[in-house]
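Throw the hints in and build the complete structure from the sequences for me.
Single-letter residue listing:
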Amino acid sequence: MSTLLVGTRKGLFVLDTDGADRAATALAGPHFPAVPVSAVLADPRDGAWYVALDHGHFGTKLHRSDDRGATWTELPAPEYPADAGPVPNSRVDPTAPASLKMVWCLEAAHAAQPGTIFAGTVPGGLFRSDDHGATWALVRSMWDHPDRPKGNGGGYDEPGIHSISVDPRGPGRYAVGSSCNGVWVTDDDGATWTLGTGMWFGFMPEHLDDDPAGQDPHRVVRCAAAPDVMWTQHHCGIWRSEDAGLTWTNIADVAPSSFGFAVAAHPTDPGTAWFAPAHSDEQRIPVDGKVVVTRTRDGGATFDQLTDGLPQQDAYHLIYRHGMDVDGTGSLLAMASTTGSLWLGHDGGERWERVSAELPPVLCVRWT
Amino acid sequence: MAAVKFAKAFHRHTICPDATVPGATVREVLDAYLALYPSARGYALDEHGAVRKHVTVFVDGEQVADRTGLADPVSDQATIHLVQALSGG
Numbered sequence: 001m002s003t004l005l006v007g008t009r010k011g012l013f014v015l016d017t018d019g020a021d022r023a024a025t026a027l028a029g030p031h032f033p034a035v036p037v038s039a040v041l042a043d044p045r046d047g048a049w050y051v052a053l054d055h056g057h058f059g060t061k062l063h064r065s066d067d068r069g070a071t072w073t074e075l076p077a078p079e080y081p082a083d084a085g086p087v088p089n090s091r092v093d094p095t096a097p098a099s100l101k102m103v104w105c106l107e108a109a110h111a112a113q114p115g116t117i118f119a120g121t122v123p124g125g126l127f128r129s130d131d132h133g134a135t136w137a138l139v140r141s142m143w144d145h146p147d148r149p150k151g152n153g154g155g156y157d158e159p160g161i162h163s164i165s166v167d168p169r170g171p172g173r174y175a176v177g178s179s180c181n182g183v184w185v186t187d188d189d190g191a192t193w194t195l196g197t198g199m200w201f202g203f204m205p206e207h208l209d210d211d212p213a214g215q216d217p218h219r220v221v222r223c224a225a226a227p228d229v230m231w232t233q234h235h236c237g238i239w240r241s242e243d244a245g246l247t248w249t250n251i252a253d254v255a256p257s258s259f260g261f262a263v264a265a266h267p268t269d270p271g272t273a274w275f276a277p278a279h280s281d282e283q284r285i286p287v288d289g290k291v292v293v294t295r296t297r298d299g300g301a302t303f304d305q306l307t308d309g310l311p312q313q314d315a316y317h318l319i320y321r322h323g324m325d326v327d328g329t330g331s332l333l334a335m336a337s338t339t340g341s342l343w344l345g346h347d348g349g350e351r352w353e354r355v356s357a358e359l360p361p362v363l364c365v366r367w368t
Numbered sequence: 001m002a003a004v005k006f007a008k009a010f011h012r013h014t015i016c017p018d019a020t021v022p023g024a025t026v027r028e029v030l031d032a033y034l035a036l037y038p039s040a041r042g043y044a045l046d047e048h049g050a051v052r053k054h055v056t057v058f059v060d061g062e063q064v065a066d067r068t069g070l071a072d073p074v075s076d077q078a079t080i081h082l083v084q085a086l087s088g089g
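Residue numbers (my numbering), protein chains in the order written: chain B, 1 to 368; chain G, 1 to 89.
Rather than coming from a laboratory, the hints here were simulated on the basis of the structure.
Treat the hints with caution; some may be incorrect.
Within a straight-line C-alpha distance of at most 16 angstroms, the following computed EDC-like cross-link-like pairs (lysine to aspartate or glutamate) qualify [said to hold, decoys possible]:
no. : chain 1 : residue 1 : chain 2 : residue 2
1   : B       : K290      : B       : D314
2   : G       : K53       : B       : D157
3   : G       : K53       : B       : D93
Just some of the chain G residues that point at chain B, by a computed CB distance under 8 angstroms [unchecked claim]:
no. : residue
4   : H13
5   : T25
6   : P38
7   : G42
8   : D46
9   : V55
10  : Q84
Note that beta-carbon positions come from the ideal geometry of N, C-alpha and C, so glycine has one too.
What follows is the structure, given as structure tokens:
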């Protein structure tokens, strides 16, 4: 039995499935009814579930469950210290002190660092807890880095970290994806950072077009078994790295579109990844009203369009950055949309099965 | 002493019963209250102590203008209401 956490605009749902075609499924919830769930994490080291709530009125909150959702404990939320200063390119108030707007992703650190959790936030700060979320600290080496203030909002009014991709080869090696502050790579547990290069927009003023600190990678993932291979997607196509995020190569002209937000990397095959395309930066709807998943199995040289079981007429779903995930076998996918559909993708996405078309807008899905 | 009352919407998420606490300004009153009920702090104020954007504070029915410093005076026998914005969907 596999379990999927589904964070929606109206609460957390939990799907249990046996993974078979026309699967035996049970959708439970909502936990935190009517509260937006902006990030979820099932810690593979101890089984704890973490959720980030985006209350809107009442701020961002974190909760942990040690019993698979039977009970929840509120944790302190990350706090920006008073000396963090303002967010220079904030479209809210570039003079106000940085304050937590949202936790956009939660990630468990390396297996050798039990209890260490990362939180990626809007307005662009990376937070770290070394005690299972009981206390949090802003990672100052990144926040105080001279390239961090170059970031802009992308989707939100201030920059935001949506991806923390941990390299399983050893503790302290991870990459951080920010919209729009690029991909940041560390191999010394955040003591120093290197910005990934190679991405470009194609529409910015020339001197900014390929600035690594201004890029908008939408979601950054890696192949667990070949951790140098990473994938992302931004306004100008799909990008692949073969050096753990230090340099990126463009993959353009993928049919029906190379624009989108969600990407899942096969856990063992570095040539395989899945994407959920939208029409374009300017039109964030499926091409021709057809929901498709694109899949490459040869490192991005060619792509399949997977459609079996996905709506192919009058369908206007959008899949957010965290709206697709693949399980540890690489066979069972989950995908969910802003119009409330949740699908399971069997046999590597060859066949899709809609589990629900009635959910609230889905912000994130994640296998436990 | 001032009476502090959180609107119903807060009570679903945190512990914030009606209470009477000392203080000569909104800040002093809220600090005294939140010392008794610390879990409510993050629901009303951000990490810098400012009133959250979608929360409004009233003193005897008058909306507090200083949402950052919370320096508005509070008379003895005053009532402070904390109310969430009516928004969203």
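Hint check:
1. B:K290 with B:D314: Holds, at about 7 angstroms.
2. G:K53 with B:D157: holds, 15 angstroms
3. G:K53 with B:D93: Satisfied, since the Cα-Cα distance of roughly 12 angstroms is no more than 16 angstroms.
4. H13: Nearest chain B Cβ about 6 angstroms off; hint holds.
5. T25: violated, 20 angstroms
6. P38: With a closest approach of 10 angstroms, the P38 of chain G hint is violated.
7. G42: Result: holds, 6 angstroms to nearest chain B Cβ.
8. D46: holds, 5 angstroms
9. V55: With a minimum Cβ separation of about 6 angstroms from chain B (threshold 8 angstroms), the hint on V55 of chain G holds.
10. Q84: holds, 4 angstroms
In the structure shown, a violation is registered for the earlier hints numbered 5 and 6, in ascending order.
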